[in-house]
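Peer 1: Sequence:
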Amino acid sequence: MSKQFDVIVIGGGPGGYIAAIRAAQLGFNVACIDEWKNDKGGPAPGGTCTNVGCIPSKALLQSSEHFEHANKHFAEHGITATGVKMDVAKMIARKDTVVKQNNDGILYLFKKNKVSFFHGRGSFVKAAEGGYEIKVAGTAEETIVGKQIIIATGSNARALPGTPFDEELVLSNDGALRVGAVPKKLGLIGSGVIGLEMGSVWRRLGAEVTILEGLPTFLGAVDEQIAKEAKKAFDKQGLKIELGVKVGEIKTSKKGVSIAYTNAKGEAQSLEVDKLIVSIGRVPNTIGLNTEAVGLQLDERGAIVVDGDCKTNLPGVWAVGDVVRGPMLAHKAEEEGVAVAERIAGQHGHVNFNTIPWVIYTSPEIAWVGRTEQQLKADGVKYKAGSFPFLANGRARALGDTTGMVKMLADAETDEILGVHIVGPQASELISEAVVAMEFKASSEDIARICHAHPSLSEATKEAALAVDKRTLNF
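Counting in the numbering used here, the sequence shown runs from 1 upward without gaps.
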């Protein structure tokens with residue numbers, strides 16, 4: 001007889017493992033199925049985020065930042081460092097260790113919360129009495145039955161048509177994290193999060209980096225003023241970013257990769273690189289899920305169709321994270337996973353898409369929450385704007401990093417904060433204050449009147465809030 005569970009989660013990434021743990025905490029008998037493998041063939045839960053996304057990329061960003069500081073900035077602090085070299089193999093090994101620690105941490109949490117873990121690929125078999133039969137194709141194939149099913153199968157990197165990933169010369173985010181030596185010339189297609197972060201890693205280590213972007217504007221989803229400030233910083237660092245290009249034929253050979261393209265002026269160009277990273281977005285992953293066996297509805301993008309509560313067209317089947325609508329962000333998946341587990345328990349799970357923060361972990365970091373100035377203008381919303389540069393912030397000066405600013409947008413009549421946009425040091429941490437403020441519908445005056453530690457980078461947020469009403473303290 002098949003094992004019976006109250007809840008079965010297919011996928012052990014941020015949305016899946018968080019949903020499984022929360023459901024178990026709420027008293028359900030829970031199973032989680034995940035097929036990721038480590039280099040020894042063992043389980044590696046955590047999905048793209050932990051294995052080939054958020055976590056390993058931050059490890060490489062940290063290592064490469066240390067290297068750049070030692071070579072270019074230590075002298076400013078009176079520190080003499082000569083003959084500084086990067087052992088790429090050791091850097092990659094450290095990244096792998098960080099990933100494994102996170103994998104093991106998730107397995108520990110499963111054990112602690114009594115979540116039954118199945119290592120293999122989960123797929124639908126058929127609707128069964130009181131639920132659904134789910135096949136687990138692992139070392140040994142077995143079938144389990146669940147009353148409620150949560151699909152959290154994530155997404156896959158989108159390849160260029162006619163140019164598949166070989167992960168040796170043409171790389172996805174996976175291959176970009178396993179480069180064994182610093183390429184002399186590195187090309188990237190796409191100037192989004194992955195393109196900028198991976199481009200930054202290898203530029204710091206000595207690669208000549210060129211990023212080709214099809215859109216005519218840089219970081220079109222980011223507030224225009226913030227994007228321009230970031231572009232200036234990247235240009236100064238030596239990242240070559242070409243906008244408005246149209247990529248043509250891509251050829252690979254023993255020498256590397258050749259990319260034909262036309263620039264924004266329509267002129268034919270070519271780029272020769274040792275390796276090419278393609279980061280043009282991601283597609284929902286429903287491969288092998290056998291959705292047709294139960295009639296699970298997909299949209300034209302291949303994403304699972306859900307309502308505002310993450311319910312699918314099938315009773316008792318839910319879906320969260322990258323495999324459904326909305327931003328493909330790990331923390332968005334986590335919030336949806338918790339909300340679904342609570343909804344199954346009869347509670348009121350909550351996800352506010354308007355207060356989900358976005359972060360690009362480059363240097364300078366870029367972070368934002370809420371609407372941009374161009375969005376407010378397009379929507380005809382009357383607003384007030386205030387900004388404050390890190391150049392005038394004492395803590396930033398002491399850090400030696402005064403790039404960027406904090407920008408705040410508030411409703412012209414109610415003063416409610418509508419968006420906060422940051423480019424500069426530790427933006428990823430600073431944005432949390434804005435998220436909390438917006439979740440509680442705070443006004444810019446609320447932020448201006450809160451005591452912020454001195455000296456701190458957060459004072460720039462206070463000053464931006466003051467600037468909304470044309471006031472300033474000038475710390």
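Note that these hints are calculated values from the structure, not bench results. Keep in mind that this is a model prediction, so the values were computed, not measured. A few of these clues could be false.
[Said to hold, decoys possible] Each computed BS3-like pair below joins lysine-lysine, with the alpha-carbon atoms no more than 30 Å apart:
no., residue 1, residue 2
1, 240, 254
2, 184, 85
3, 126, 100
4, 147, 114
5, 246, 265
6, 114, 185
7, 185, 246
8, 184, 246
9, 95, 147
10, 3, 95
11, 100, 112
12, 251, 377
[Said to hold, decoys possible] Here are the computed distance ranges between Cβ atoms for each label pair:
no., residue 1, residue 2, range
13, 137, 455, 31 to 37 Å
14, 228, 66, 34 to 40 Å
15, 41, 111, 38 to 44 Å
Virtual Cβ for every residue (Gly too), placed ideally from N, Cα, C.
Peer 1: Indicate, hint by hint, whether the structure satisfies it.
Peer 2: Hint by hint, here is what the structure shows:
no.: 1; hint: 240 / 254; result: holds (25 Å)
no.: 2; hint: 184 / 85; result: holds (16 Å)
no.: 3; hint: 126 / 100; result: violated (35 Å)
no.: 4; hint: 147 / 114; result: holds (18 Å)
no.: 5; hint: 246 / 265; result: holds (10 Å)
no.: 6; hint: 114 / 185; result: violated (49 Å)
no.: 7; hint: 185 / 246; result: holds (20 Å)
no.: 8; hint: 184 / 246; result: holds (24 Å)
no.: 9; hint: 95 / 147; result: violated (39 Å)
no.: 10; hint: 3 / 95; result: violated (37 Å)
no.: 11; hint: 100 / 112; result: holds (18 Å)
no.: 12; hint: 251 / 377; result: violated (43 Å)
no.: 13; hint: 137 / 455: 31 to 37 Å; result: violated (57 Å)
no.: 14; hint: 228 / 66: 34 to 40 Å; result: violated (28 Å)
no.: 15; hint: 41 / 111: 38 to 44 Å; result: violated (20 Å)
The structure fails hints 3, 6, 9, 10, 12, 13, 14, 15 (numbered hints given earlier, in ascending order).
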